[in-house]
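Visitor: For the record, the sequence lines run as chains A and B.
Residue numbering for the first sequence follows my numbering, starting at 88 and increasing by one per position.
Residue numbering for the second sequence follows my numbering, starting at 194 and increasing by one per position.
Mixed in with the good hints there might be a few duds.
[Unchecked claim] Which chain B residues face chain A? A few, computed with CB under 7 Å, are given here:
id	residue
1	K223
2	V242
3	L243
4	L244
5	Q245
6	T255
7	R258
8	Q264
[Unchecked claim] Each computed PhoX-like pair below joins lysine-lysine, with the alpha-carbon atoms no more than 25 Å apart:
id	chain 1	residue 1	chain 2	residue 2
9	B	K223	A	K263
10	B	K204	A	K325
11	A	K158	B	K204
[Unchecked claim] Computed footprint of chain A on chain B, listed as stretches where at least three residues anywhere in the stretch have a Cβ under 8 Å from a Cβ of chain A:
id	segment
12	194-206
13	226-232
FYI, nobody ran anything at the bench for these hints, they're computed from the structure.
These numbers were taken from a predicted model, which means no experiment stands behind them.
Ideal Cβ placement from N, Cα and C applies to all residues, glycine included.
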Amino acid sequence: MTGASLSKTQIDLLGDRLRQGSPIEPDLRMLDDYRRSFGPAYEFVVQLVRQQLALEPTGRPAKSTSAIVEKLHRETIRLSQVQDIAGCRIVVPDFPEQEKVVAALASAFPKSSVVDRRAAPTHGYRAVHVVVEALGRLVEIQVRTTLQHTWAEVSEKLSDVIDPAIKYGGGPDNIKDALKNGSTAVHSVENAHKVIAAVNARVQASDEGISEEAREVLADANTQLVAVRKQLDDALRKSVSTWVATEQRPQT
Amino acid sequence: MIFLIEYNRRKGLIVSFEEFDDSNRLEAEKIRLDIELSLSRRGVDHEVVLLQAANQEALRRTHRRYFENPQELVRRRA
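All chains, full assembly: derive it from the sequences and hints.
Guide: What follows is the structure, encoded as structure tokens:
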């Protein structure tokens, strides 16, 4: 039986069995069939992103078995409802570029939904996910700015080496607080970038040069930017300090 | 390029790393399943992931967590 021929009921029953405990080999093979059935949709989406939008995503044709099983344990979601079995990631320099890329993706894939986690982050995670329906399957495109990406990588790495709960808002308080502050600082830095980009665009569109008001707004935004960048650096440094201290402790 | 990574999450370290041409995705998927089944039989909790990128540099940029420790991730922030 191939993954494409599995019924929704079979997929969800498989999900229920995987949720119950240590997976048995036939179920792991069935899960592999199912995740590989996303291959054609994944190829279609990644090719279109590369050719039509001239972007170079890093693709993940299928989620790892351990990540799928952990998601089923963590959430009440059915296996057939998991939206990120296949996906890809695009990292862009800044917020204005992220806006452009998301708009281009939404236009290139009319059957898509945009999940904007920038203003309302999930456990501090900020990004935009565009979930595309292609060839009867869902493919998730993550669009992150460099800052959002750095925060996400730090959070995920600390979840790996300190406590898996960190990624979902749990774990030691000092790390949780530092990541929360870091996420807020990412948002503040990007807001300052947004203000600066908007003022610069207005100035460029005007024949009269930069007004006194625009100059003041730019100066304020740049001052703000310096302050929040420092907050971000401090927060990220604090978030990894526990790991650094453990690593530097002499082994007995 | 396709990259097959076995990653020890608890230690934050790559256990094995293999590259394939894009045309060899089926072979890479088969090896991924073989590794996952072997790990499952031995009760070893490693992540086995298949990623596709233009080159290794692009992979290291979008999936830094596999290659860098927490301090390096923070130090090298853009």
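Visitor: Next step is simple, just say for each hint if it's right about the structure.
Guide: Hints, one by one, checked against the model:
no., hint, in the structure
1, K223, "violated (9 Å)"
2, V242, "holds (5 Å)"
3, L243, "holds (6 Å)"
4, L244, "holds (6 Å)"
5, Q245, "holds (4 Å)"
6, T255, "holds (4 Å)"
7, R258, "holds (5 Å)"
8, Q264, "holds (6 Å)"
9, K223(B) / K263(A), "violated (38 Å)"
10, K204(B) / K325(A), "holds (20 Å)"
11, K158(A) / K204(B), "holds (21 Å)"
12, 194-206, "holds (count 4)"
13, 226-232, "holds (count 3)"
In summary, the numbered hints that this structure violates are 1, 9.
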